[in-house]
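Number of protein chains: 2
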Amino acid sequence: MISKNQLKLLRALAQKKYRKQHNCYLVQGEKNILELFAANMPVKQLFASPEFIAAHKDKIIADDIVEADEESLSKASTLVSNNAAVAIVTMPEQSCIDTSGLVLALDGVSDPGNLGTIIRVADWYGLKQIVVSQDCADHFNPKVISATMGSFVRVNVIRTDLAAFLADCEGDIYGAYLGGQSVHKTQFAANGVLVMGSESHGIREQVAPYINQKITIPAFGGAESLNVAMATGIILDNIKRQDYTNPQ
Amino acid sequence: MISKNQLKLLRALAQKKYRKQHNCYLVQGEKNILELFAANMPVKQLFASPEFIAAHKDKIIADDIVEADEESLSKASTLVSNNAAVAIVTMPEQSCIDTSGLVLALDGVSDPGNLGTIIRVADWYGLKQIVVSQDCADHFNPKVISATMGSFVRVNVIRTDLAAFLADCEGDIYGAYLGGQSVHKTQFAANGVLVMGSESHGIREQVAPYINQKITIPAFGGAESLNVAMATGIILDNIKRQDYTNPQ
Chain A
1 MISKNQLKLL
11 RALAQKKYRK
21 QHNCYLVQGE
31 KNILELFAAN
41 MPVKQLFASP
51 EFIAAHKDKI
61 IADDIVEADE
71 ESLSKASTLV
81 SNNAAVAIVT
91 MPEQSCIDTS
101 GLVLALDGVS
111 DPGNLGTIIR
121 VADWYGLKQI
131 VVSQDCADHF
141 NPKVISATMG
151 SFVRVNVIRT
161 DLAAFLADCE
171 GDIYGAYLGG
181 QSVHKTQFAA
191 NGVLVMGSES
201 HGIREQVAPY
211 INQKITIPAF
221 GGAESLNVAM
231 ATGIILDNIK
241 RQDYTNPQ
Chain B
1 MISKNQLKLL
11 RALAQKKYRK
21 QHNCYLVQGE
31 KNILELFAAN
41 MPVKQLFASP
51 EFIAAHKDKI
61 IADDIVEADE
71 ESLSKASTLV
81 SNNAAVAIVT
91 MPEQSCIDTS
101 GLVLALDGVS
111 DPGNLGTIIR
121 VADWYGLKQI
131 VVSQDCADHF
141 NPKVISATMG
151 SFVRVNVIRT
161 DLAAFLADCE
171 GDIYGAYLGG
181 QSVHKTQFAA
191 NGVLVMGSES
201 HGIREQVAPY
211 INQKITIPAF
221 GGAESLNVAM
231 ATGIILDNIK
241 RQDYTNPQ
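Chains as they are written, first to last, in UniProt numbering: chain A, 1 to 248; chain B, 1 to 248.
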């Protein structure tokens, strides 16, 4: 059974300030929680239905397991449909940025759904990290975790002063703009940086001077723009398809 | 001022049964409404703030214009943030399917946000129509219209019995699967059909027999799948990039 205090904590962890205070975040839903166990991540507490516990008892790795009925789990969840399980997970320490391969960097992507979708597509294309500006959506927000569909366990998100990071980068820094060079005709460097701008402002003034290659997804119709997550996925596909023709 | 009856109608049009009954749908927000005027679409009634009317008076084409304050507009809107304008638009008659070029077909895509995002990316890649199975999300749903970011004026959505349509198609019918041929290595026909399956079930049994080319976006990392809108955008990019190398 979920106690009153536990329920209070679960609800509090939907907010950034309490995540910071407790150094924990929430993971909800079967798919995301099974990914946690598979990745051997530090689950402090698992609240789960008897069915979930029975079905996955060989996989569960958690310091503490609390059995709860589906109604209490739904009440404890910040997501609309979740009645299987909720986990409280210790926040990892932030890793260093690895600049040995392609680096994806986000400038002010503030929508949690977009950030989660970007983490998922970055994982699809084999990226192990994403660099985000300080004002990007909090990557421990339950909506972000949910939208990653489990990819949050494989992709490190590193929050930093983006302009300062780019100032130190050598080599090609690609930025997605309207009116740049077509991604269909760009030879991407294997260890470049790809910068994607925010939903409403694109790549901002303080970051723009570091972009040395403006790139664009060619448009064939009337839409003025693409969603930032969609654009990220399409550009990553264009970069990764080169691996067949330009083996490193 | 928005009258009580007008407010009742605006609220009712958020539901499919009332849209059908009144043969109208809602368009909300500045970007989408300006696209309506630019496309010369039949706006029956426009509810707008004095600022919106003043700013766009040369562009507004509507049978009836109702000036309203932002508070009433917010109340009348089904979207979270909309205080500029709401339009009631007459539903178009359904067009016939044009099979002379690439046809995008959706099998059971039920999430309105996904359908809207697919309409937007289809517009980006120059598609004029999308064929949808009867059980896809209603394309006049305000959430769909909103997610299209104006592209709903350029892309006809044609709702039909998808299996029956495909049974009549000649030529290449591509279906997005896990484990098909890589889209990076597929030579797409210029007038093929691309079928995308639903979020939870993929391409379903009644449609699968008509697919004669199973295709896949190659994965380089650990994510198990991509969102259907994302996958549609990436595959369209792969199809359209051929236009440079294989001019028709």
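If you're looking for bench data, these hints aren't it; they were derived computationally from the structure.
In this text the structure is predicted, and so the values were computed from the model without any measurement.
Check each hint, because a few of them may be wrong.
Pairs of lysine to any residue, SDA-like flavour, derived with a Cα cap of 25 Å [unchecked claim]:
{"no.": "1", "chain 1": "B", "residue 1": "LYS16", "chain 2": "B", "residue 2": "ILE158"}
{"no.": "2", "chain 1": "B", "residue 1": "LYS31", "chain 2": "A", "residue 2": "PRO112"}
{"no.": "3", "chain 1": "A", "residue 1": "LYS143", "chain 2": "B", "residue 2": "PHE37"}
{"no.": "4", "chain 1": "A", "residue 1": "LYS16", "chain 2": "A", "residue 2": "ILE158"}
{"no.": "5", "chain 1": "B", "residue 1": "LYS143", "chain 2": "A", "residue 2": "GLY202"}
{"no.": "6", "chain 1": "A", "residue 1": "LYS143", "chain 2": "B", "residue 2": "ILE158"}
Under 7 Å between C-beta atoms, here's a sample of chain B residues computed to sit facing chain A [stated by the list, open to error]:
{"no.": "7", "residue": "SER95"}
{"no.": "8", "residue": "ASP123"}
{"no.": "9", "residue": "CYS169"}
Ideal Cβ placement from N, Cα and C applies to all residues, glycine included.
Check: Can you give the numbers of the hints that this structure goes against, from lowest to highest?
Finding: 3, 6, 7 and 9
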